[in-house]
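The residues making up each chain are set out below.
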Amino acid sequence: DAGVTQSPTHLIKTRGQHVTLRCSPISGHKSVSWYQQVLGQGPQFIFQYYEKEERGRGNFPDRFSARQFPNYSSELNVNALLLGDSALYLCASSLVSGSYEQYFGPGTRLTVT
Amino acid sequence: GESVGLHLPTLSVQEGDNSIINCAYSNSASDYFIWYKQESGKGPQFIIDIRSNMDKRQGKRVTVLLNKTVKHLSLQIAATQPGDSAVYFCAENISPSGYSTLTFGKGTMLLVSP
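Just so you know, the protein sequences line up as chains H and D, in that order.
Just remember that this note's numbering sits 3 ahead of the position in the first sequence, which is counted from 1.
Just remember that this note's numbering sits 10 ahead of the position in the second sequence, which is counted from 1.
Incorrect hints may have been included.
[Claimed, not checked] In silico DSS-like cross-links for lysine-lysine, where the CA-CA straight-line distance does not exceed 27 angstroms:
| hint | chain 1 | residue 1 | chain 2 | residue 2 |
| --- | --- | --- | --- | --- |
| 1 | D | K66 | D | K78 |
| 2 | D | K116 | D | K47 |
| 3 | H | K33 | D | K47 |
| 4 | D | K47 | D | K81 |
| 5 | D | K47 | D | K66 |
| 6 | D | K52 | H | K33 |
| 7 | H | K16 | D | K52 |
| 8 | D | K70 | D | K47 |
| 9 | D | K52 | D | K116 |
By construction, these hints were calculated from the structure, which means they are not laboratory data.
Assemble the whole structure, with the sequences as input and the hints as a guide.
This is the structure:
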């Protein structure tokens with residue numbers, strides 16, 4: 004069975020640029036959550052989407068946005084990149100929005116220079 | 011892959027020993043607690059969970075204990091193996107307004123020597 008997939012695996016961007024990260028959930032899962040994991044810390048919640056609608060948002064600036072498509076895949080967009088945005092971005096999928104059982108993908112390592 | 015364990019508390023054990031990893035949580039409204047294992051270059055992997063109305067749950071070689079009085083969670087790994095070496099995170103689940111969000115602890119790096 005295919006798990007959660009994310010692309011790209013690694014990415015290097017320059018300050019001020021924007022980036023789009025992609026996630027495909029486990030087949031049958033309708034909810035996708037995004038987390039940011041800075042080196043040496045636990046993941047921090049950014050967004051949750053369910054049935055193409057935003058269901059929850061963490062404490063992140065408006066430079067961060069996301070969307071979910073009809074096939075339940077999702078994109079995370081970050082504008083005006085800062086050095087502090089360098090992190091591992093994790094996508095997690097779950098069957099429904101209210102389920103705590105979230106399955107994580109391998110993440111996208113973003114480096115901002 | 012790049013290590014996720016930079017500057018994390020570290021627990022070093024010998025193969026075959028039992029390991030205990032501790033975690034303090036903050037929110038009394040959390041309804042589930044989950045332990046994740048994260049190996050270098052990978053995403054967190056689910057190990058075991060416990061509902062807030064329980065105080066102990068056992069899995070294969072792992073046991074989770076929950077003490078709500080002091081807001082403390084522990085993960086016990088029996089007969090630790092080199093493959094158990096990883097960073098371990100506890101996470102608490104809160105479900106405001108019908109959606110689920112996980113809040114992760116700081117993590118503990120477990121190093122198992124053969």
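Hint-by-hint comparison with the structure:
no.: 1; hint: D:K66 <-> D:K78; verdict: 11 angstroms, holds
no.: 2; hint: D:K116 <-> D:K47; verdict: 13 angstroms, holds
no.: 3; hint: H:K33 <-> D:K47; verdict: 24 angstroms, holds
no.: 4; hint: D:K47 <-> D:K81; verdict: 21 angstroms, holds
no.: 5; hint: D:K47 <-> D:K66; verdict: 19 angstroms, holds
no.: 6; hint: D:K52 <-> H:K33; verdict: 22 angstroms, holds
no.: 7; hint: H:K16 <-> D:K52; verdict: 21 angstroms, holds
no.: 8; hint: D:K70 <-> D:K47; verdict: 14 angstroms, holds
no.: 9; hint: D:K52 <-> D:K116; verdict: 17 angstroms, holds
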